[in-house]
Structures are given as C-alpha cells and as structure tokens.
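Start from the sequences, fold in the hints, and give me the full structure.
Protein chains: 2
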Amino acid sequence: MSSDFETEPGNQPGMEAGAFRDADDRISPLWLERLRAFLGARRAEDVALVMEPLHISDVGDVLEYLDHDERVALVRLLGDQFDYSALTEVDESIRLELMEALPNAEIARGVAALDSDDAVAILEDLEEADQNEILSALPTFERLSLKRSLDFPEDSAGRRMQTDFIAIPPFWTVGQMIDYMRSQRDLPDEFYQIYVVDAGYTVLGTLPLDRVLRSQRATRIEAIMNTNLVLVDASEDQEEAARTFERYDLVEVGVVDESGRLVGVLTIDDMVDVITEEADEDIKLLAGVGDEDLSDTTVDTVRSRVPWLVVNLVAAVLVSLVIGLFGATIDQMVELAVLMPIVASMGGNAGAQTMTVTVRAIAMRELEGSRLKRLIRREMIVGFINGVIFAILIGIVTWLRYSDPQLGIVIALAMITNMIVAGTTGILIPLTLNKFKADPAIASAVFVTTITDVVGFFAFLGIAGLWFGLF
Amino acid sequence: MSSDFETEPGNQPGMEAGAFRDADDRISPLWLERLRAFLGARRAEDVALVMEPLHISDVGDVLEYLDHDERVALVRLLGDQFDYSALTEVDESIRLELMEALPNAEIARGVAALDSDDAVAILEDLEEADQNEILSALPTFERLSLKRSLDFPEDSAGRRMQTDFIAIPPFWTVGQMIDYMRSQRDLPDEFYQIYVVDAGYTVLGTLPLDRVLRSQRATRIEAIMNTNLVLVDASEDQEEAARTFERYDLVEVGVVDESGRLVGVLTIDDMVDVITEEADEDIKLLAGVGDEDLSDTTVDTVRSRVPWLVVNLVAAVLVSLVIGLFGATIDQMVELAVLMPIVASMGGNAGAQTMTVTVRAIAMRELEGSRLKRLIRREMIVGFINGVIFAILIGIVTWLRYSDPQLGIVIALAMITNMIVAGTTGILIPLTLNKFKADPAIASAVFVTTITDVVGFFAFLGIAGLWFGLF
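Just so you know, the protein sequences line up as chains E and C, in that order.
The opening residue of the first sequence carries number 1 in my numbering; numbering runs sequentially from there.
The opening residue of the second sequence carries number 1001 in my numbering; numbering runs sequentially from there.
The set of hints was computed from the structure by calculation and includes no laboratory data.
No residue lacks a Cβ here, since even glycine has one placed at the ideal position from N, Cα and C.
Hints should not be assumed to be uniformly reliable.
If you want the ones that stay clear, here's a sample from chain E, every Cβ over 12 Å from chain C, calculated [stated by the list, open to error]: (1) R43; (2) D46; (3) G79; (4) L96; (5) A112; (6) L126; (7) S145; (8) D151; (9) F191; (10) R220; (11) A279; (12) T424; (13) A441.
In the DSSO-like style, the derived pairs of lysine-lysine whose C-alpha atoms are separated by at most 30 Å in a straight line are [what the hints assert, rightly or not]: (14) E:K373 to E:K284; (15) C:K1373 to E:K284; (16) C:K1435 to C:K1373; (17) C:K1373 to C:K1437; (18) C:K1437 to E:K284; (19) C:K1284 to E:K373; (20) C:K1147 to E:K284; (21) C:K1284 to E:K437.
Here it is as structure tokens:
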C-alpha cells in the first residue's frame, strides 16, 4: 500500500502513508482501503489498531463511508472497544440499519457505557419492543434515568439532556467542594458548571468552574455562586433551548421538571447540532425538500419529494387555466405567448427574495411591532422601485426586439404590477402562515410563486388585451 | 403604567408589571414605552435603573428596537455603565450608525474595557481614520494586541480570537496552578481550559478545568494534560474553525500563528454565531439575497437585490428567445402556449429540490468519492421516477381537459425529458461551480431554472411541432 502512495497525485509534503485525512480534509482513500481490507479479512486486531486513534466523530464519518456489511463487521470486530456514542454522529437511516443488524444484548452492553444523552439519542428512534428489550438489560439506575428522558416529548430539552451533573449544597466551602470532586469516581465526562441546590433539588445558583479556580478554599459557595439563573424546562422544545444558549452565550444550562427540580443539564455541543439542523431544515423546506438524509434510499427520496411536486402541479395547472382564459388574445398576437414568461419569472424571483428574508426573520424571532411595520413598508417600497427599474429595462428590450413601443409599454405596466404584488405577497404570506401556526418555511414558496405566476400572466395578457383591443 | 397593565390582554399570571419580556418572549411594549419616556426626559438614573438587570444580548435587542436618536441617548445617558459588548449583538448597520454619532474618545473608553474579540468586532467595520484615532487613545498593550488581531484577514480565526488566555509551564503542579490563578487579578472573563506551553509559547497540551478539579494538588500538570491537540491557525477562515468545533464538540480551542506560537483562543459562543450566520447566508444566497440585514435601508436593499434580478432578467429574455423560435408553431395551436409553463415549472421545482440537497451537502462537506457517485445515481433515478409519475398525471389531465390523447402524450414526453434534465442539472451545476471554486449557493439557482425553463419549453414545443407536423 505504501508503495502505491508515492504515485498518488494528491500527495502532500508532511502527509504520511496511512494518514487518516487527506489534504482536502476528507478521509484518505488509502486509509479507507486499508481498513476495508482488514474488515474483509476479519483481522480484528488490525482493525482495532487503525481505529484506536480516531475521535468518535471521525468514527462516525468512517461508518458513513462504509457499506452495510462493512459497518456491521466494524462494530462486531471492535467489540467492547467500539464506542457507541459514534452512532450519534451518523445519519438516522444508517443508525437504524446498524441497530437492526446487531443483537439487542450487544447494543445494551454498548449503551450502558454511554452518557445518558447519547444513550437516548440512540434508543429514541428504535421500535418500542427493541427499546424495551435493551432497557431491561441495563442496570436499574441507568434504566430508570433513560426511561425518564424517553418519557419527555420528542425534540424536547428533556430528551436531549444529560442526567449526570454535580449538585452541592450552598453552605459548603470551595475547599469542601474541591475535596468532594477529587474523591468522586463517577463524575460526568465533561462539565462546565456546578449546581448549587437545596435539599429538594431546587436550583439556588450555579458556579462556573473558572470561578471556583479563582476563589480561596475557605470561601463559602453561596458567596460566589451566580444567582442570576437561566434554566430550561424539560418539556421545552429543543429549538427554544438552543435559542436560550445563543441569546445568553451559554455553555451549559440546567434542566428542571415541572416542579422545578433539577433533573439534568444541556451542553452547548448538543445545541450546536440543534442549531445546525434547524437552519438546514429551513433551507430544505423552502425548496420543498422534507426531512431527508443524504443516505436515504431512492424510494424514500421519491416518497418525500412527490407530495411537494403534486402541490406544485396543481398550482401549475391553475396558472395554466388562467392563461387559458386568454387563449383568444394569444391567438391574435403570438408575441404575447413568447413574452409572458418574463413577467411571471421576474415576479417569482423578487417574491422569493422577500419571502426568504421574512421566513428567516420569523425563524430568528426578529420581527416585532415596530420592526415588522418597518419591514413591510420597506419591502413594498423595494417592490415598487424594482418594479420601475425592471419595467424600464424590459420595456426598452421589448420595444427594440419587436420595434413596437406599445408592446414595450404593456410589458412595463405588467412588470410594475407584478413586482409590487411580489413584494407584498413575499412578506404577507409567511406572516399569515406563521399567524396560523403553520411553518412558513414549508408552504410559503408555493403560494408566492403561484400568486406571482397568476398575477404575472393575468396582468400582462389582460393589459395587452385591453391596450390592443383584443377582447 | 402599572394600572394600564391589568387591561393588557397578553397579561400572564406570574408576569409582573414592568417585566422585560412578555409571554411570547418578546420585549414587553410596556417596558419599552417606559424606557422611551425616560430617554425622552433624559432621566439618566431611571434609565440606568431599568437597564441594569439586563444581559448584554438583551441590551442589544433593546438597541435594535429603539430608533436612532433614542439609541444615542441611551448610550450617552448610561455613560460608563454602558457595556460596549452589547454592540456586538446588533446588526452592522445599527452599530456603524451609532459609532458615527458618538465621539471617538468616548468609544475608546468603552472599547478599552472589552475583551479583545469584542473590541475587534466593534472596530473592524469602522473607517481606517476612525479606527486609528480610537486605537491611539487606548493603552499600549491593548492597542498592540488589537492591531495584531486586525492585521489578520477579515473573517479569519485571528480576527475572532480572544487574546487573553491562561498559559502555564508543564512542570507546575495542580496546586501551584490553582494558587497562581487565585492570586491573579486580570484573568480572562470566562475560560474553559488552560494551555500548557513551553518558553516559546508552543502549545504542549491543554487542561480542561474539570480535569483540574478532579486532580490532587501534588499532581504535575504534564501528567494530566491532554496532548491530543486540536489547534486552529490564526489565518484560517472562521467557517473552517467553526467546523472544527462542530466536529470535535469543542468549547474552546487555541489559535496559533504561522510559527506555531499560541496567540489567542476561540470560544464556542463566537462559533455558534459563525455557524448561524453561515447557514443563514446559504439560505439567502439560494434565494438571490446577498449580505442583507433586517435593519438595512430601502436603498441598500434595492442595491443588493437588483444585480440578481438583472441576471434573472437576462435568463428570462433568453428563455423567451427560445419560445420565439416556435412562434409559428404556437400560432397554429394556441393550447401549446397555455400548457407550456406547466412543464417548465415542474422542472424548475424538481431541479431546485436536487440542487438544494447538493448545495447543503457541499457546504457540510458530506460529499466524497463513493457518496458522491451514489448521490448522482440516486438523483438521476429519482428524476426519472418523478418524470414517469408526473408525465402520467399531466398526460391524463391534459387528455381530459382538451379531449385530445395525442396532446396528453406530447406533454407527458416533454415532462419526462425535463424531469430527468432537472435531476441531472440540479446535481451537476452546484458540483461544477464548486469545482471552479465558486460558491454553489450563489449561482446554482439561476443556472438550474434557466436550463429547466429552456429545456421545458424547447422539449414541449419541439415534440409538439414534430408530432403534429407543425414545422
């Protein structure tokens, strides 16, 4: 393998044969080929050796690059050395496929070693029967704490939280606390603050670790704890929780149940994933793509995209019916058929611009009283100004193309009309959908383009019919 | 004011008169009205009193809700109590407007109190003359460290980094380190790890704070430090740095200069902003909206959107020229003009779906050898299957509408053609743009819709002309 390497064009100085990532920061094909050879030959020790230095997110990447049989082989050959938290780093479809191929007892052993948030992420998508079988193979304490997390609604803070945390009473000193932590064996893997609670686990304050390290041993905890509390309800949606992190620049936050007891913590790394997913979801919904992964099968992809295309077909047929009203007009002046898509297309694009700005502003909670009024006013004026600019441009182009100033005037009037409508619907449709608690990212696009198409064709053909006396 | 409150419909139990946020988590109109009254009456003490409990991100929100004169009044009335880091939480246009209205000497006083990353964020957009005047009013150490950050390219890790950090030698013990930290007055505001460096400031290891708290005082630092180093180059793009945070679930990372010396640190809160901005940018670029803020003026908005609309106009005229080739065909059969937008529109939507999935996969670095080939194959098959489904649907609809099975067959054939083209261009265009180092989010949409429009009209009118012998 290493002799092949020197002929590889992507070879970079300083890159050794067998390096995990190549110069473009992708998993090196050579590295992957070697792993595949070890997997094929069932050489467990070599597999363990090449996988050992990888971070779990890299292990996740490797799993995504392998095919099904190789993935199963990798997990089984690694045995107890396989860290199941890598499964939180792969697409849902790959995770489910892998879980199905592995015996539940093996999964239970892997899950028992995980932090509670990772364990929940792995278990939550399983069928209930499998979930129960795995849970029943876990030690009581872990089982109960996972069950409690799984009882919270999907995508809630309670589902995402880690149930291990450090809680201490307010009357301790810094020294007592440090001694306590030095003596504990089962502290959480990583933590950034300590919770100060009363006997009923109500949070009295929080203590960032850096503050502990700045304080003298004799200092009482309650004297230095942060009492300006930011907490999250376990039943709260994870997106709300993520927004709290963003707003207050948090790294960790306590999660409380309905009676105000501290039941877990959320950390920023989980929230970064939520923020990324949320933005990704908005982008895809705006384009009519649902909850889709790159690794979805062809059939799943078709199934997820067809509904949106059906809606669009209905809209397109509707638009075509509107054009049909003007069949006789077009028949008398075929240039109209040639020019009409221009007005519709410009309206569609201008509408999409305004709509996108509005959908994002709604998603980021940036619209309120005075800002909302300001945005509506601005977008209508922008629609008018753009309408005038493009009316003049297309008017001149049409006049020159057909040597007919009147046709230029007609298309210019239709353009202004449609651009103003585009600006107005681009903002009002997402706002209306939001008012009725529909996700504006899902449905706005089809409404906006249907309206700008209908108005574009209707205005152009209608004005032309009136102007040239074709009705 | 509090008597008004009881009549307010949004009133929630537990919400006190004068609460900052209402039940919808927006700034309470009553609260804002009161602040405005204080600002108008120049009641500095009352202003300070209502602003005092707010987190800086809330102060940023308040600034965005006020109008220009009120903003200036707020900053000046608060004087030294105004925390300039709130300016990092507002839109760029508001920040610049405010900085212009304030004397440079006052800004310098405010900036001097900030962490270096916040100071850079505030200074970087100013004109060079103002920047230099403010810098020259700062103490030497702050001035030099800010200058160094500002010398790094825009949007680089060096610009975003915080230059305060804790670096200790490897031969210290945990006890020595804790004593050192307890004795220091000017530690960074918040920190999550400690850097272990040699005399030349080359990083030897890192030490998360939780690991310090688990260790006995006599333990030597080098025995517990983390030597599996993840560092970021100061010249690296902030988006690359953000990806490193995401990949390795980091909270803080060291930034090194070209000679490998530790020069600063990046923390996760800055990276969350980068991640959010990046996704937001992609969404907007896909819709032809540039680097735009909600608070931009009408003129700026028009200026940012017109170029995209001009490109679209050129594309639309091109499409119209293609239709023009078939003027005589349409003239003989006006139904073609009525039906033709359906084929183009369906292709445009299917193309947008594939394109969006591809653009996001490129942005998230998810495409490589085998996955890429898989995606191309999948999208082409999806295009074919959707083509067949919608060919049958529109064929039947057209047949019924015009009682003409032949017209149904023609539109069905055009639909299959255009859906396959849509799937193919939807994936190949972003990939090609990416290959030529263009941002696929910017330009893909106009290419894809132009191609699906041209192919849609050309295929439908061309097949119809051949089928019905209209040429």
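Each hint tested on the structure:
The non-interface label for E:R43 is consistent with chain C: the shortest C-beta to C-beta separation is roughly 22 Å, beyond 12 Å. The non-interface label for E:D46 is consistent with chain C: the shortest C-beta to C-beta separation is roughly 22 Å, beyond 12 Å. At roughly 23 Å, the least C-beta separation between E:G79 and chain C is larger than 12 Å, which holds for a residue marked as non-interface. A cut-off of 12 Å between C-beta atoms confirms that E:L96 is not in contact with chain C; the least separation is 18 Å.
Against chain C, the non-interface label of E:A112 holds: every CB pair exceeds 12 Å, the least being about 21 Å. Once the 12 Å rule is applied to beta carbons, E:L126 is consistent with being away from chain C; the minimum gap is 24 Å. Every C-beta of chain C lies more than 12 Å from that of E:S145, the closest at about 21 Å, which supports listing it as non-interface. With a minimum CB-CB distance of about 26 Å to chain C, E:D151 clears the 12 Å threshold, and the non-interface call stands.
The Cβ of E:F191 sits about 5 Å from the closest Cβ of chain C, inside the 12 Å cut-off, so the non-interface label is violated. Every C-beta of chain C lies more than 12 Å from that of E:R220, the closest at about 16 Å, which supports listing it as non-interface. At the 12 Å boundary, the C-beta of E:A279 falls inside the reach of chain C, the nearest C-beta of that chain being 3 Å off. The Cβ of E:T424 lies farther than 12 Å from every Cβ of chain C, with a closest approach of about 15 Å, so its non-interface assignment holds.
For E:A441, the requirement that its beta carbon stay farther than 12 Å from each beta carbon of chain C is not met, with the minimum near 9 Å. Distance hint between E:K373 and E:K284 is fulfilled; the C-alpha atoms sit about 28 Å from each other, no more than 30 Å. Taking the CA atoms of C:K1373 and E:K284, the gap is near 21 Å; set against the 30 Å cutoff, the hint holds. Taken as a hint, the C:K1435 and C:K1373 pair is honoured in the structure, with Cα atoms around 15 Å apart against an allowance of 30 Å.
Simply put, C:K1373 and C:K1437 have alpha-carbon atoms about 20 Å apart, close enough for the 30 Å limit, and the pair holds. A threshold of 30 Å between alpha carbons decides the hint, and for C:K1437 with E:K284 the separation of about 23 Å falls inside it, so the pair holds. With a C-alpha separation of about 21 Å, the suggested pairing of C:K1284 with E:K373 holds against the 30 Å cut-off. Between the alpha carbons of C:K1147 and E:K284 the distance comes to roughly 41 Å, so the proposed pair goes past 30 Å and is violated.
Restraint check: the Cα-Cα separation between C:K1284 and E:K437 comes to about 23 Å, which is no more than 30 Å; the hinted pair holds.
In this structure, the hints that do not hold are numbers 9, 11, 13 and 20, in rising order.
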